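Asks: Listed here are the chains, written in short residue letters.
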Amino acid sequence: MMQKYLFIILGLFAVLSALMVVFEKNPVHSVLYLVLTFFAIAGEFVLLNAQFIAIVNVIVYAGAIMVLFLFVIMLLNLNKETEPHKALWMKFGAVVTGGLLLLVLVSTLKVADNAEVNPMNTNIGAIRQLGTVLFGQFLLPFEVSAVLFLAAMVGTVMLSKKDIK
Amino acid sequence: MNALLKEIPLNWYIILSTVLFSIGVMGVLFRRNAIIIFMCIEIMLTAVNLLTVAFSVYHNDSAGQVFVFFTMAVAAAEVAVGLAILIVMYRNTKSTDIDVLNRLRG
Numbered sequence: 271m272m273q274k275y276l277f278i279i280l281g282l283f284a285v286l287s288a289l290m291v292v293f294e295k296n297p298v299h300s301v302l303y304l305v306l307t308f309f310a311i312a313g314e315f316v317l318l319n320a321q322f323i324a325i326v327n328v329i330v331y332a333g334a335i336m337v338l339f340l341f342v343i344m345l346l347n348l349n350k351e352t353e354p355h356k357a358l359w360m361k362f363g364a365v366v367t368g369g370l371l372l373l374v375l376v377s378t379l380k381v382a383d384n385a386e387v388n389p390m391n392t393n394i395g396a397i398r399q400l401g402t403v404l405f406g407q408f409l410l411p412f413e414v415s416a417v418l419f420l421a422a423m424v425g426t427v428m429l430s431k432k433d434i435k
Numbered sequence: 003m004n005a006l007l008k009e010i011p012l013n014w015y016i017i018l019s020t021v022l023f024s025i026g027v028m029g030v031l032f033r034r035n036a037i038i039i040f041m042c043i044e045i046m047l048t049a050v051n052l053l054t055v056a057f058s059v060y061h062n063d064s065a066g067q068v069f070v071f072f073t074m075a076v077a078a079a080e081v082a083v084g085l086a087i088l089i090v091m092y093r094n095t096k097s098t099d100i101d102v103l104n105r106l107r108g
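As given, the protein sequences belong to chains A and B, one line each in that order.
Counting from 1, position 24 in the first sequence corresponds to residue 294 in my numbering; the numbering is continuous, with no gaps.
Counting from 1, position 59 in the second sequence corresponds to residue 61 in my numbering; the numbering is continuous, with no gaps.
If we strip away everything but chain B, and leave its shape as in the complex, we get (with noise of 0.2 Å):
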């Protein structure tokens, strides 16, 4: 197994993560949906895992995939207070336009 992870340089894992993040925050400023720039979010949430992770190993330290629980912890908390804003926005102007919600504009 040892030989085997040599295998792959750590530097790829580091340009898939970077890939996938660049998506990530390309999608929240393509899109419209709120619910689909969350989704963007959870991508970019899932790049930075996977970096950590690959770090961890490479660097023979369990805090790292430790560290990763604890995001997907925030992540899963974060998902169901944000689609709950959602649904009472939904409520209130029945679109899930962001572009709808300027009313902070000063």
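Next up, chain A with everything else stripped away, as it sits in the complex (with noise of 0.2 Å):
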């Protein structure tokens, strides 16, 4: 019973923020429930006994894109004034667009049929078990996203460089 409590005020954190992300005028402001986003949902990861990926997304998402949006917004100074806006109706059009995005993926997975799961080994979310698959049958996949990386890294320096020859 506990659980489902907690699972709902969870929910409705994450989803409250969420949409304040959107509605917000401040692009700090912003940021800043989007890292609330991330936390309520770390806390569903916890509720689903995913304790790794639960840390993980507090690290990345919360620690270190967070940051990195921060600097953004201010090295760009942006604030309130400075924000941008959409017609009224390219707004009105946006929320009916999101409603019936949400009313057809709701009324498709109604009807899809999941009814035989049933959680039995709930250890599979502990780090000694995800090592143990990701170092074994994903190894290749786990070097190639270092591969990933490099050509990220090598991307931002040059995008980032003043004068492109």
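These are calculated hints, taken from the structure and not from any lab test.
Careful, some of the hints might be misleading.
[Claimed, not checked] Interface residues of chain A toward chain B, partial, derived using beta-carbon atoms under 7 Å: (1) F277; (2) V291; (3) V292; (4) I335; (5) L371; (6) I394; (7) L400; (8) F408; (9) S415; (10) F419; (11) G425; (12) T426.
Given the structure is predicted, the values throughout are model-derived calculations rather than measurements.
Each residue gets a CB set at the ideal place from its N, CA and C atoms; glycine is no exception.
Join the two chains into one complex using the hints; note that each chain is given alone, in its own frame.
Replies: Below is the structure:
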């Protein structure tokens, strides 16, 4: 029973702060609400007994990515006054489009057959188990992702150079 | 722990991540600031991560959580490159408004 209440509280927290990311006028406040969303989702991961993913979510998203966003926003000196806004009818259209997408997805997933699942081995989120799978079955993709990071790093440095020859 | 996990139906996770994904799509259409659009893309990625982890736990398969790990790695690389592109764009146009970037229009 307690788990259900925790799920509902964390879910409401995530959804409300995600909505605030969209509707908040000041970009710095948007970033802070996004951090709240990620913390709530990390709580949901803990509820699923996926501790490793929860910790990585907090460290990577709330730690690294959000600091990057904050740095860029403060570097570019964005604030409420310089914030561009869409016309009212386009905002209305965006909300209607989002609502219709939600309606379509929920009504599609409602008829999907997923009643047969039951979690038996609840230890699959443990770090030891995940490490065995990651460095056994998925060793090659892991190494390839290192190449991806190298490419991203080179690309970022090249893009931020003042005059590219 | 087994009995506790069964208390929450899988459908709840599906609906929560659907709602978060739709909020992300709405945000991309709603805002003009390119940085906020990036943040909404992050919300969408996290919604998909939540769904993948829920399926992985309810189907007893660790591979799903490893996929989420890779998704996070790709998201981190994407944000780094995307923000670098944004800074170059700001240097050229002095704004992060995506409506300014219509020069590729035919």
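Asks: Hint by hint, which ones does the structure fall short of?
Replies: Per hint list: zero violations.
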